[in-house]
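Chemist: Chains A and B, in that order, give the protein sequences. Residue numbering for the first sequence follows this note's numbering, beginning at 1 and increasing consecutively. Residue numbering for the second sequence follows this note's numbering, beginning at 1001 and increasing consecutively.
These aren't lab readings, by the way, just hints derived from the structure by calculation. Model, not experiment: these values are computed from the prediction. One or more of the hints may lead you astray.
Straight line, CA to CA, 25 Å or less: simulated DMTMM-like cross-link-like pairs of lysine to aspartate or glutamate [to be verified]:
hint	chain 1	residue 1	chain 2	residue 2
1	B	Lys1163	A	Glu119
2	A	Lys222	A	Asp56
3	B	Lys1198	B	Glu1227
4	B	Lys1248	B	Asp1033
5	B	Lys1037	A	Glu225
6	B	Lys1198	A	Glu225
7	B	Lys1156	B	Glu1227
8	B	Lys1083	A	Asp56
9	B	Lys1248	B	Glu1192
10	B	Lys1198	B	Glu1006
11	B	Lys1083	B	Glu1192
12	B	Lys1037	B	Glu1227
13	B	Lys1198	B	Glu1160
14	B	Lys1005	A	Glu225
15	B	Lys1248	A	Glu119
16	B	Lys1248	A	Asp56
Only some residues are given here: those of chain B computed to face chain A with a beta carbon under 8 Å [as the list claims (entries may be wrong)]:
hint	residue
17	Leu1008
18	Arg1012
19	Leu1016
20	Ile1089
21	Pro1093
22	Leu1186
23	Thr1205
24	Ile1209
25	Tyr1212
26	Thr1222
27	Tyr1226
Beta carbons are placed, not taken as given, at the ideal position from N, Cα and C, and that holds for glycine.
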Amino acid sequence: MESLELLSFSPPGWGGNLLRGLLHSLQIALGAFGFGLLIGLFGAYGKLNGGPILRDVLSIYTTVVRAVPELVLILILYYVGTDIINQASSALGYGRVEINGVAAGIWGLGIVQGAYATEVLRGAILAVPSGQIESGRAFGMPPFMLMRRITIPAMLSFALPGLANLWLIATKDTALLAVVGFSELTLETRQAATATRSYFTFFLAAGALYLMVTLISGFIFKRLENHARRGQLDLKGSG
Amino acid sequence: MSGLKEWLLPHRIVMLLLAVALVVWCAMNLRWDWIPKYTPLAVEGIWRTIWLLVVSIFLGFMLAVPLGFAQAVGPWYLAAPAKTFCTIIRGTPLLLQIWLLYYGLGSIFPLFPEIRNSELWPYLRQAWPYAVLALTLSYAGYEGEVMRGAFRSVAKGQLETAKAFGMSRFTLFRRIWLPQAIRNVLPTLGGETILQLKATPLVATITIIDIYAVSSRVRQDTFIIYEPLLLLAVIYLMIAGMITLGFKWLENRGPQKRGSV
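Could you build all of it, start to finish, from the sequences and the hints given here?
Modeler: Here it is in structure tokens:
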């Protein structure tokens, strides 16, 4: 009973802090996932249709990001980002700028997500039957319209399982920002646990929150996948 | 070696030269004078990172085999707990798991005199048993899921043939089922091993001095930001490269053609 009191929303309970942390985590995860998708879309098109130099640069990007720990990349990107912004602001005559934790998290995690998204989307675009893209071209669609109307809807059913995985990685990777000192769910939990010395209660509660996010996202992505797959033949049993 | 020809394309030569120029510029213009002082610590840190990686992968895989097997063909009362375990491990951040074990168990153990007086106590007061446990459980959770698919992927005919030869169930598992299951997922296991390498720096948060912690120490002592981080990234790239090469070697060792009866 005592542990339930600790989780209540009004002080002395810490439930409100945990929920605030969860909200921050979800904010960063959503932003990073979206930013990563954007990079991934450009990256995938670049890898498929770009010139030899662009393709090599992109494969260096995906290889390096996938081999170096996220924690290290986040730190490097955090310092690089702050340096760039501060230099830009002093060049424009403003003073030092304090970087918002959410923005820094989205920037760092987004670039990591972008590398994985590039690979997922590249595979999905390759899986679209080339006849569909060719007929779009034959109808005289300009490239951007072709992408919006044909390629993206057709590849979505192939990309969604990978993207679901990426989203789960994004939600869990937000915990890494705790190490950098940003107060998302994991760090809020640790602060609450250290203050009350009931470690198990809080870490288990946070684990339950993360698990809930995972399970709900899994359900949503399954619905989305069914929606993207509508009209396609069921491949089960035909192989 | 067709690989060499690919490297000698004109634009690649230019890019290589640019990369070399970049490395030379970094070596000349950035501060590296801290390296000699921290080399012994760094070697120890690399050793600790690799040790943690190897131990947790070995123990984690030992756990993953029964977890995957129970999910693939086990009865429901074994499959359900195995599936729950994998879902929980894969659904929560590793950092949270590490902190739960280190701070949670670490705060409960001293309350029991039996544990405090046991011979294990000197070890339980250190951080590394918790790090090994957390990393092992995490690897087991992810690989349990991989092995579930792996056990299912082995062709039925293979198992039936083995049965027809009169192999006992254990021999069949050891000689036929497990080796083929592992071979089928070797590429996945290679990728997962690199993910595990990328998870090891999290143990620095519970006071273990791995190579990541060494670089943080350099940053705090000398206020040099980029150089230790860049060197750290290069070290991880090299370890990841070695893991990739190792798994390529393993993949090429086995027979290339697989029976698919």
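Chemist: Any hints this thing doesn't respect? Which numbers, in order?
Modeler: Result: hints 1, 2, 4, 5, 6, 7, 8, 10, 13, 14, 17, 19, 20, 22, 24 and 26 break, sorted rising.
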